[in-house]
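Q: Here are the chains, one letter per residue:
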Amino acid sequence: MTAYKLNVNGTILSVDVAPETPLLWVLRDTLELTGTKFGCGQAFCGACTVHIDGVAERSCSTRVSTVGESKILTIEGLSGDGSHPLQRAWLEAQVSQCGYCQAGMIMSCAALLATNRAPSDDDIDEALAGHICRCGTYPRIRKAIHAAAKMTAEMGRDAGAGTSAAITPRAGAASGAPTDDARFTANVATGTASPTAGAPRRAPTIDTLVQLDGGAL
Amino acid sequence: MTQPFTQRKRLPIPGGTLSAWARGGLGRRDFLKRSALTGAGLVIAFYLPARGEAAGADGSFVPNAWLQVDPEGKISLWVARSEMGQGVRTSMCMILAEELEADWTRVTIVQADSEAKYGDMVTGGSASVKTSWEPLRNAGAAGREMLILAAAKEWGVPAADCVARDEAVFHAASKRSVKYGALAAKAAKLPVPKTPALKDPKDFKIVGMGEPRVDGPKIVVGAAKYGVDTKLPGMLYAVTARSPVFLGKVKKFDASNATSVAGVKKVVEVPAVEMTSPFGFGPAKPGNQHFLPSGVAVIADSTWTAIQGRKALEIEWDELGHGGENTAEHRSKCAELAQKPGQEVSKVGDADAAFAKAAVKMEAVYELPFLAHTPMEPPNCTAYFKDGHCTIWAPTQNAQGVLAAVAHALGIPTSNVTVHVTLMGGGFGRRLNVDYGVEAALISKAAGAPVKVFWTREDDIRFDYYRPMSLHRMRAGIDESGRVNAWMHHIVAPTTDGYYEGPQTPDVAGSELAGPGLTCGSVPNYLLECSFLETAVPRGYLRAVDHLANRWAIDCFLDEIAVATKKDPVTLRGELFGEWHEMPPPKNPDDEVVDVRRLRRVIHFAAEKAGWGTPLAGERRGRGIAGSQAFSSYVSQVAEVTVAKNGAITVDRIVLAIDCGRVVNPDIAASQLEGGIIMGLTSALRGEITLVDGRVQQSNFNNYKMLRISEVPKIEIHFVPSEEAPSGLGELGVLSVAPAVGNAVFMATGKRVRSLPFRAGELATS
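Quick mapping for you: the protein sequence lines, in order, are chains A and B.
Position 107 (the first sequence) corresponds to 107 in the numbering used here; numbering is contiguous.
Position 628 (the second sequence) corresponds to 1628 in the numbering used here; numbering is contiguous.
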């Protein structure tokens, strides 16, 4: 067993684990941050994705001994209150079914939007090539990413700053990017969307039947 | 502005309707009761049937759902249905609130724990909304009437002069109103109306709206707790090594290396538990040899440590003669059986004679492989055995089964077992099986502590209850006028129901006979036969079960007939299914009478929406159609594909039309269908579990591959407007996609694929 000080969601946390332990299990079993999920244990599915210094990484295949002082960001720290544009877009598009893979999806998408403020469909395909959703929410994920990109642009918010804001820990934590975060918070506060509100009610999408088959029906 | 669904144009259904829903016998009987609980406000107990069976058929009434309006006006729905991504929590609140005149978002849904006294709590068969629709409406309407009556009595006015809305009762003449909470205690003393008046659907304000899922906000911040997120004080973690050969057992093991791994607490043998069925309940039948597999469990202070301990185990297995099974041999055995007479299931006319005399004789063999479920949350379970009582936290579709199986395995009364049902990261039928619950209970007892038993993805893929492989020998005789005069279908498969409930005989064969009768009644001479493949491979139900297998064969074969008779595939189906006719009574309880008008209508609807008959630009492109019925609903899909020169298939577009009765929540319904299409495409294009020397060859997502986001086609969902009661939905999207793609591939390449999954090599051009 070895003692490590991990920077998780802006807080320095001490753990005492075997050096080869994957970061995933340190997060889940030791730190009880269970928002990050196990899907395959081999970096085939993306369910365990977290940010390490802003880069989307598979925590199931990242040994805790290799993390050092890097900043780890998990789904719990992405915004803390569900106000990240992706989280809001996710609810707006009603993406989730079982929801299990979605934290990993959102984390990869957040890393994508941080470097690419208006990703194309091909960009999205590339960023999510390593992810699996067994419920088949892919079409709505694509829709949500485009919506989040648009939302970010409309908020007049620099995409890079957004990431900094995302990396910013929740209130009371020790470090972060306060300038960007303050601006982000102000924008949210004066914005039209309530970050924690669910998606609005939508109109039904029932088609009107077209009379077919020469009226034989 | 949103517009109630009911104000949209509706389709009048000519002549009466055939509703398999009615077969379930869910008449409005005396299934509502007032609870005797005091101080709880108004509590109405009722029963939600699991799979269309008549509730309380034996005359007893055991509630499994409760509606509560407490004195503060808080409305709760206590249910024993499992949420696994299908949105059932949302849809059920919507139905209840509609009749109760409440705000559905303020209805709190409480996951009822499983105790022996409750009835069946299986979540499966696309049944949750289908079977809950009427009971929930009745419960909500009864509550509304009782609250109105309580207000009317207080005011001394006729109840008919009062109306309920927005969780309050109003009396217009005196301009008085009172909130539900203030009426709850008084309403609780009134008799529960046996036949409360249900709302006219034209007055629906909630049902038919695309309301957001209740679980969404927690999911996006990582706060939703699944079974695998369970943590108890003093909890240990375990993984189990299981026999690499099905039905094998531990011969001996050496745990010394495992116990020397830092953090490993204990290594214990998990005995093979003989069960009446892997569902955990049901009568034991002679010849049933099912048991939960034996293994060796490593108990440690973390999941990772337990996995490391397991790697260090040395185990000698006794294969008990089951180490010789191979997929190639399974296939040749099935092909052999298909050529011999099978056991007769359904017969109309004389198909053999008609086939012999046919002007054109057609014959083709279709095949499907074993499939694994692979929900993203792998199997897991947390158990705490203490002082003769066992508490279970399980992501399960079958809490009652887990309860019964755990009691059986531990030798304790069912009253000493409590099952907490957790949120599930997908289910798809895998979580109908109780194996991991029993394992966790046994390991907790051995550990003397609460234990979370975890399955890696390799464990999940190698120790599943697989969708059975099957082979379908199809024969059709075409007469001089080009009409199908004889239809013969011989199904060869290892039976699933037989595996669960007893030896393999036609009496117990059930699920594999789900849905083969689509053309029965449409062809003058019809024969359905089945034969069984003996195998030790565990079988289970996978989303769309054997409807999928049978319809793969039927819908592709119909396309072959269309080509042979030079008819358009849509026209052929229209002619074949014809006008209204009675079908012979189905032999399988999962099979249903097919309303051919609804089937034809949904096929035509999909064709119309897809632009059937319009040219497709580009080389090696094709369009195919398939149409099916299952779980009382009707679905048709049109696929557009491009097949590359190397044989790689790109599915460009899927158009789905469905008639599933009234749609409670169109947005959730659409998402279920989108997901179903993607799951169906995944298995058609990739899915295959194979055996060599009795061992499953696949292990993780690198060799049991899933569709990725870049491979998802453009998907269009169309609902046929309907006033029928809601019918099955969750499994319908999966159903017709493979044959639609297969038929499109034929149009694109002229090559007929009859064996799933599609293989690029077979479609490459030279």
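Be aware that a few hints might be false.
Unchecked claim - Per label pair, the in silico range of CB-to-CB distance:
| no. | chain 1 | residue 1 | chain 2 | residue 2 | range |
| --- | --- | --- | --- | --- | --- |
| 1 | A | LYS150 | B | ASP1103 | 24 to 32 Å |
| 2 | B | ALA1262 | A | SER14 | 12 to 20 Å |
| 3 | A | ASP123 | B | GLY1234 | 44 to 52 Å |
| 4 | B | ALA1159 | A | ASP81 | 45 to 53 Å |
| 5 | B | ALA1648 | A | LYS150 | 28 to 36 Å |
| 6 | B | LYS1311 | A | GLY68 | 52 to 60 Å |
| 7 | B | ASN1646 | A | LYS150 | 35 to 43 Å |
| 8 | B | GLN1697 | A | THR2 | 36 to 44 Å |
| 9 | B | GLY1321 | A | THR2 | 25 to 33 Å |
| 10 | A | ASP121 | B | LYS1205 | 31 to 39 Å |
| 11 | B | GLY1388 | A | ASP123 | 53 to 61 Å |
| 12 | B | LEU1232 | A | SER14 | 43 to 51 Å |
| 13 | B | VAL1110 | A | ASP121 | 35 to 43 Å |
Rather than coming from a laboratory, the hints here were simulated on the basis of the structure.
Glycine residues also receive a C-beta, built at the ideal position from the N, C-alpha and C atoms.
Q: Hints first: check each against the structure and report whether it holds.
A: Do the hints match the structure? See the list:
For the hinted restraint 24 to 32 Å between LYS150 of chain A and ASP1103 of chain B, the CB-CB distance of approximately 31 Å keeps it satisfied. For the pair ALA1262 of chain B and SER14 of chain A, the beta carbons lie near 18 Å from each other, so the given range of 12 to 20 Å is met. Look at ASP123 of chain A against GLY1234 of chain B: about 47 Å separates their beta carbons, and that is inside 44 to 52 Å. A C-beta distance of roughly 46 Å is found between ALA1159 of chain B and ASP81 of chain A, which places it inside the suggested range of 45 to 53 Å.
Between ALA1648 of chain B and LYS150 of chain A the C-beta distance comes to about 33 Å, which sits within the given range of 28 to 36 Å. Range check, LYS1311 of chain B to GLY68 of chain A: Cβ separation about 27 Å, and the 52 to 60 Å hint is violated. Range check, ASN1646 of chain B to LYS150 of chain A: Cβ separation about 37 Å, and the 35 to 43 Å hint holds. Separated by about 38 Å at the C-beta atoms, GLN1697 of chain B and THR2 of chain A satisfy the suggested range of 36 to 44 Å.
Under the hint 25 to 33 Å, the C-beta atoms of GLY1321 of chain B and THR2 of chain A, about 48 Å apart, miss the expected range. Between ASP121 of chain A and LYS1205 of chain B the CB atoms are about 38 Å apart, so this pair conforms to the stated range of 31 to 39 Å. For the pair GLY1388 of chain B and ASP123 of chain A, the beta carbons lie near 59 Å from each other, so the given range of 53 to 61 Å is met. For the hinted restraint 43 to 51 Å between LEU1232 of chain B and SER14 of chain A, the CB-CB distance of approximately 23 Å leaves it violated.
Range check, VAL1110 of chain B to ASP121 of chain A: about 42 Å between beta-carbon atoms, so the 35 to 43 Å window is met.
Of the hints listed earlier, those the structure fails to meet are numbers 6, 9, 12, in rising order.
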